[in-house]
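Undergrad: If you're matching them up, the sequences are chains A and B in order. The working numbering applies: residue 1 is where the first sequence begins, and numbers increase by one. The working numbering applies: residue 1 is where the second sequence begins, and numbers increase by one.
None of these hints come from the bench; they were simulated from the model. This structure is a prediction, so every number in the text was calculated from the model and none was measured. Among the hints, a few may not be true.
A partial selection of chain B residues facing chain A, derived with a Cβ cut-off under 8 Å [said to hold, decoys possible]:
id : residue
1  : A62
2  : C90
3  : E98
4  : H117
5  : S291
6  : R294
7  : V297
8  : K317
9  : E320
10 : A362
In silico DSSO-like links for lysine-lysine, alpha-carbon gap of 30 Å or less [unchecked claim]:
id : chain 1 : residue 1 : chain 2 : residue 2
11 : A       : K278      : A       : K79
12 : A       : K278      : A       : K192
13 : A       : K192      : A       : K202
14 : B       : K317      : A       : K394
15 : A       : K394      : A       : K70
16 : A       : K79       : B       : K305
17 : B       : K13       : A       : K79
18 : B       : K317      : B       : K305
Heads up, incomplete: computed chain B residues facing chain A, CB under 10 Å, no partners named [said to hold, decoys possible]:
id : residue
19 : R56
20 : P60
21 : C63
22 : L210
23 : R342
All C-beta atoms in this analysis are idealised placements derived from N, C-alpha and C, irrespective of residue type, glycine included.
So you can see what is in the structure, the chains are spelled out below.
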Amino acid sequence: MAMTSTFSKRAAGQRLTQFVIEDAMRLRQRANEGAFVVWIGVAVPAELFAGFDNVVYAVPESHAALCAAKGVGAQQAEKAERLGYSTDLCSYARIDLGTAFDGGNGSPIFGLPRPDLLVSDNNNCALLCKWFDVHHREWGVPHVVLDVPFCYERQQPADTAYIAAQLRDLVDTVAQLSGQRFEIDRVREAVKHSCAALQLWKQFLDLARDRPAGISAFDSFVQMAPIVSARGSERLVAHLQRLVEETRQQIARGEFPVADERYRLLWDGIAPWPQLRKMFGRLAAQGANVISASYTYCIGSLEGEIALFAYHGEEPIDYLARLQNATVCPQGMALRIAAMRRAISHYDVDGVIFASNRSCKVYSLMQIDQMRRIREAVPIPCVMIDVDHADARKYAEEAVFSRLEAFLESIDDARA
Amino acid sequence: MVAVVHTLHRLRKAGHRIAGCFPLYPPTALLHAFGFTPVVLWGLGSDAAELRQSDRHLQPFACAVARELSECLISAGQTTFDAVVSYNACDTLRNLPEILQAASPESGRSLPLLQFHLPAIPLERTVARSYLERNIEKLIAMLETLTRSAFSSRQFFASTTLYLTQHRLAIALEDAVGSGQISFAAGAELLQLAHILPVEEHIARLREQLAACADRGAVHAEPTRVMISGIVPPPVALADAIDAIGLRVVANDIASLHRSYGYAPAASDNPLAYYCDYYLNRPACPTISASADRRLVEIKRLINKSRSQGLIFLGTKFCEYEYFELPQLERMLRAEGIPTLRIELAAATTADSGASQLRLEAFAEMLRQSEHGDD
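Could you put the whole structure together from the sequences, leaning on the hints where they help?
TA: Written out as structure tokens, the structure is:
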């Protein structure tokens, strides 16, 4: 008989925690030893930095998510608010600014080491450039912006070339500022590792295709962390390999996140970091499992797709440029819908939760129409709830669950 | 918004082909050269009842500019506009084209949508410049297809000449506001019309107003001088209050005012060179990433040049571009001894203007007291 597993906090969860801590410690140690530190937006192709001897990178968005998941998001955000940063600003930004202004105090990993260079990109969110500009002005640290054109249709060759040219300029800038030599073959190796890791990632996500699903999207949210912090590394490949094997073994043993799975749901939006555990638990109690999420199925895919965009040994910078839309936010609605329809079919989803998030307008300000079109095209029950990805003060649990419970009933009605 | 829609209908009746442009800085001269009357859809004003169509598509945490623009395009778009032009001005606006294009399918006609990407990296860089040039070429090709007419360099020169004239007159009117020859409320209203009226008509209105100002002569009273910043000018009640309180707006950094007309390149027959110049040299704006480094410097320069005693920041709620820069801007001005006042404007919040007026009065009083203190 299938059993509900405490999977996420057993072996895989413990290894994840260890991985994250080791990465944070490695980053700090190398920074202390004189490595050139780059802060990047989450979509900046970090594999490029593998081309240098001693360049390390940190991702403030990821750090903010960690703060939120560990329950200190609001307290760190308040530090920025007290300095005049509006509560309407993205909560990741407020958490990061608050932490940075307070010298890392309050952060589970004591903040991030001070950067030598800031690299933002505007594909996920042009406001990231504004956020990094604050650090740029505050600390006098150089800031490079990568301009990635928004995609209403698949990326055009001229756009790929434009992005690739900027990536080459970025390499020159890092070489100049760090005084280090760049070797493209190292990047090639890093891209190979990343591609292998992304292949494993897709395998991990596909464990949700079973009935009951072998994973929850909430597992995939937390397991994203190493993909962000250790891109292009062999240890990431090894970590994901073990994750996939271990999850398969759990499935073989009949251990499932929601054994009594009656509702297979898809999540559209950033992970609601402060609510992960509780939201998973309350949904699971009703036989509902969020088995897939646009936030995680987009990773490693081209716009409008959910399949892996594989690396075949071509010029690595061109490959990285082509993959710059591998998150939801740089994509127009037609592409978002195309990918979502694929996911609904691939994972055999019963209903979609659109997580409208006032901290992330780029993800959210399309969802009303997207939801309407998905409802019409598939058709499938959908619901929209209000969340904030990192600011627990902006979340009303009972209001959200009233909607979710009605939504589950609408799935029952649709079946009847 | 009603007044704007009336104006658009009037133009339509008079035979204008109207291109509805997303803010902030669309290539109006190019559209004009193709025979369009470009209308930049911001500062439309609204009340809650007027945002019903928009609210069916956008969450309330979209800014007022996006909600009002959506309302206008959904409710009047199919019958009013011949084309819609957008670029990647901000994260919110870049999400809208597909929503708005399909918002009124019952009309049986989809509005032609012309898009281009404005590089967010400095246009001094070859890669950015050539990418912008390619995008302008693509836009020209789209316009040629849409209008079935070839690009005319002669017409483009004529159009850019008009926009240069409009720029010069707008700056002159801004000066008239600064010298007290015309109230801020009246000046701002006329300057804002640049986005709605045909450029020829706007030029005529500016000339007429400037002539009236010249007749009135200089105003000698020594006012309390302030600079105003934000995305759109304040609602009429608040603008009137600024005048009534005795605050003189001697400089503005409003996106739909000075940041829009503050720079026009020399007349040109070359659209590629013209738009590289236009986007490279225009006033710094938080939405233009490449201008970030010079923005605070420019604000400081404007404050000093205009001898402003304080800065009033009119925040458009949910415009994160502005709000990310604001704390450092305020801190910089505080260090210079320049007080600042934040007022937040949201869609349909005219009811709040009483509270804002009170804050304005207190701010004005503080500036006067500090002026006397200095004496």
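Undergrad: So, B/H117 near chain A? Judge it on the closest CB pair being under 8 Å.
TA: 4 Å, holds
Undergrad: How about B/R294: closest beta carbon in chain A under 8 Å, or not?
TA: Not OK, violated: B/R294 not within 8 Å of chain A, min 12 Å.
Undergrad: At a threshold of 10 Å, is the proposed contact between B/L210 and chain A supported by beta-carbon distances?
TA: 37 Å, violated
Undergrad: Holds or violated: is there a CB of chain A closer than 8 Å to the CB of B/C90?
TA: 7 Å, holds
Undergrad: Using Cβ atoms only, decide whether B/A362 comes closer than 8 Å to chain A, and label the hint accordingly.
TA: 19 Å, violated
Undergrad: Just to be careful, I want the Cα atoms of B/K317 and B/K305 compared with a cutoff of 30 Å; is the pair within it?
TA: Holds, because 29 Å separates the two Cα atoms, which is no more than 30 Å.
Undergrad: Can we keep the B/E98 interface hint, with Cβ of chain A closer than 8 Å?
TA: 4 Å, holds
Undergrad: Answer holds if the nearest beta-carbon of chain A is closer than 10 Å to that of B/R342; otherwise answer violated.
TA: Since the shortest Cβ distance to chain A is 9 Å, the answer is holds.
Undergrad: Holds or violated: B/R56 as interface residue toward chain A, Cβ cutoff 10 Å?
TA: With Cβ-Cβ at 7 Å, under 10 Å, it holds.
Undergrad: The hint names B/K317 as touching chain A; please verify it with the least Cβ-Cβ distance against 8 Å.
TA: 7 Å, holds
Undergrad: For a C-alpha distance cap of 30 Å, please report whether A/K192 and A/K202 respect it.
TA: Roughly 15 Å between the alpha carbons, so the hint for A/K192 and A/K202 holds.
Undergrad: Would the hint on B/E320 stand, with a C-beta cut-off of 8 Å toward chain A?
TA: With Cβ-Cβ at 5 Å, under 8 Å, it holds.
When held up to the earlier numbered hints, the structure conflicts with 5, 6, 7, 10, 12, 16, 17, 22 and fits the remainder.
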